[in-house]
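Chemist: Residue-level listing of the chains:
There are 2 protein chains.
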Amino acid sequence: MATLIPVILSGGSGTRLWPLSTTHKPKQFHALGGDLSLFQETLDRLPETFDTKNLLVVANAKQRFLIAQQCEHVLGHVPAIALEPQGRNTAPAAVVAALYAREIDPDALLLILPADHLIRDLAEFHTVLEHARKQAVQGHPATFGIVPTAPETGYGYIEKGAAVGEGGKAFGIKAFKEKPDQKTAETYFSSGNFYWNSGMFLFPAKRFLSDIGEHAPEMLKAATAAWQNAEREHDFIWLDEKSFTACPSDSIDYAVMERISDGVVVPSDIGWSDVGAWNALWEALDKSAGDNVHTGPIHAVDTERTIIHSDGHFVAAVGVKDVVIVATEHAVLVMDQSRAQEVKDVVAHLKDTDQLHLVDGPEADD
Amino acid sequence: MATLIPVILSGGSGTRLWPLSTTHKPKQFHALGGDLSLFQETLDRLPETFDTKNLLVVANAKQRFLIAQQCEHVLGHVPAIALEPQGRNTAPAAVVAALYAREIDPDALLLILPADHLIRDLAEFHTVLEHARKQAVQGHPATFGIVPTAPETGYGYIEKGAAVGEGGKAFGIKAFKEKPDQKTAETYFSSGNFYWNSGMFLFPAKRFLSDIGEHAPEMLKAATAAWQNAEREHDFIWLDEKSFTACPSDSIDYAVMERISDGVVVPSDIGWSDVGAWNALWEALDKSAGDNVHTGPIHAVDTERTIIHSDGHFVAAVGVKDVVIVATEHAVLVMDQSRAQEVKDVVAHLKDTDQLHLVDGPEADD
Chain A
34 MATLIPVILS GGSGTRLWPL STTHKPKQFH ALGGDLSLFQ ETLDRLPETF DTKNLLVVAN
94 AKQRFLIAQQ CEHVLGHVPA IALEPQGRNT APAAVVAALY AREIDPDALL LILPADHLIR
154 DLAEFHTVLE HARKQAVQGH PATFGIVPTA PETGYGYIEK GAAVGEGGKA FGIKAFKEKP
214 DQKTAETYFS SGNFYWNSGM FLFPAKRFLS DIGEHAPEML KAATAAWQNA EREHDFIWLD
274 EKSFTACPSD SIDYAVMERI SDGVVVPSDI GWSDVGAWNA LWEALDKSAG DNVHTGPIHA
334 VDTERTIIHS DGHFVAAVGV KDVVIVATEH AVLVMDQSRA QEVKDVVAHL KDTDQLHLVD
394 GPEADD
Chain B
34 MATLIPVILS GGSGTRLWPL STTHKPKQFH ALGGDLSLFQ ETLDRLPETF DTKNLLVVAN
94 AKQRFLIAQQ CEHVLGHVPA IALEPQGRNT APAAVVAALY AREIDPDALL LILPADHLIR
154 DLAEFHTVLE HARKQAVQGH PATFGIVPTA PETGYGYIEK GAAVGEGGKA FGIKAFKEKP
214 DQKTAETYFS SGNFYWNSGM FLFPAKRFLS DIGEHAPEML KAATAAWQNA EREHDFIWLD
274 EKSFTACPSD SIDYAVMERI SDGVVVPSDI GWSDVGAWNA LWEALDKSAG DNVHTGPIHA
334 VDTERTIIHS DGHFVAAVGV KDVVIVATEH AVLVMDQSRA QEVKDVVAHL KDTDQLHLVD
394 GPEADD
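Chains as they are written, first to last, in my numbering: chain A, 34 to 399; chain B, 34 to 399.
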């Protein structure tokens, strides 16, 4: 059997989860509703068929020690960590991962996973991984389409085509769709033909490199140079700065999946959330009485549909409803849940007014 | 003219302004809407006829340095500060003040002021002080009745009797009334015959001592012993612990004003607030656009009728209305304005659950 290589892409900044998520410690490195961080949960939920000895993490160089420490805590070892001098979206990172995988096994299959998602149905996640693996070995690069639970406007969508194989386990891809407006989202949702684009993929490394070579030859060239000229320091692989910075920025969807005719989407009903903003976190987590989600030292009286997260500061809440309250070492956010998308405007304001220390947060120490 | 002796009673704990107000630094020592603390504003608004060289502060012994420092900042000197080993309500403190005043001038008039009130109309305050002074020298112990602006249930009331002198500047006192229920408060308010009981008084020291001797002889005896056996250390007058602790606890209203027939109430329309709770503070202060009152490093987007107070922590607020947000070094409070009275329940909960450090707050350093 082809070697299964798990690849975690950890480039997200998680701006909309400020003030918890900061430059020094973005969203994926925080525990949200559990003991492990989102990044650690991503490692922890890999099935045994994906040997974490072969794991590659692609990440921001500044977060390398945080990643090494969080990996060691969950895995008992530090995996290979490829360090990007600058973010170039997901496709160049996937090229690096494919080059890495090819060194282990020329027929390796890559499982590409974002580091900052919640997946609540572990068994079903393992089931859809196996569906995708079967498609990939038959020559169908696979993406995972989340079965939508609401007409969300915050996600891209994948329109399915004809069934591939039996049992509705995979479909051809008719089109990738940008984040829709409300009306379009409702059409998508009611049709039953659309999935949320999860940003997770499973495909043969070799096939991906040949697709990139065909559809994005400059990217292949630049990312290959960055890999070949990388400096290795223990488990850290410092991608060559000049080459990687010169690499075009693009997503796996745009650079490859949209341009090939034999990709498939695997419908995935796995309790997924991208935890993109505070209201999404509230929706994703188990609620206590009053539909509250409270984490940290909190005394709440008569609160309803609140999410309260404290890093350590004591928070008292009385008679408030539908609010988000976040207290960290450096800042406090109080917001109506319906305004959760506006956190990015607050962060932009802080940058514009030279209050960058509030965006960067304290130096991470774990 | 009889010497006018200002006396500041600083025994309040300001529990309902937690987490700003703490055991180590209660409400009166915080600046609320200005540069000076409520205590300092109380000193600062005294008219020149009240020489602050003769000032006496009666306070909790634990707060003596805070008081000394805040006095020096406003007055340029540290006044006499009588230290209570335990609170015994206002009447014993007034006995101590009367004994102190008698040493300066046997005919001295005492002006008794709580340390934790806001008064916005300085000119009118000085005017009513003069009305009260005239009554006091004619043998009428005077209290100040705040002209009510709403049927408040949170204050005691004074029912006025017949006019004393001309021009409606003073009235006899028909009755003192406890905090009423809503219906009763509305009756009081619409009648025009009731004032809020401010807890401010102006009377001759000698007369007060003779009234106390008649109506509360044990209190006179115990408080006199506490004064006579006090230990003096610089400006601090340590009232004798054994005597003062044995002193009955009572208010000036109950112990004297209710029991004499010639007391008067001076109607006072002076922009007064006792700032008893966060919503009272919101009502008392000038509001910015959106009817907000914001103090500290705050970024507010689309907030209405909010009071946000930060000691230094950055606070971002988005789309919230009618809330109180308070961020201090040790705790965060987020509360619907209508629930402002329940802060005392939060504080009680903290005491019950051995989280006294959150009630005490950090050690005061100014």
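Simulated from the structure, these hints should not be mistaken for laboratory data.
Check before you lean on any hint, since a few could be wrong.
The list treats identical chains as one, so a pair stands whether inside a single copy or across any two.
[What the hints assert, rightly or not] Derived lysine to aspartate or glutamate pairs resembling DMTMM-like cross-links, with alpha carbons at most 25 Å apart:
| hint | residue 1 | residue 2 |
| --- | --- | --- |
| 1 | Lys254 | Glu219 |
| 2 | Lys254 | Asp140 |
| 3 | Lys275 | Asp68 |
| 4 | Lys275 | Glu136 |
| 5 | Lys207 | Glu264 |
| 6 | Lys239 | Glu375 |
| 7 | Lys95 | Asp387 |
| 8 | Lys254 | Asp385 |
If you're wondering where the values come from, they're calculated on a predicted model, not measured in any experiment.
Chemist: Which of the listed hints are not met by the structure?
Modeler: Structure breaks hints 1, 3, 5, 6, 8.
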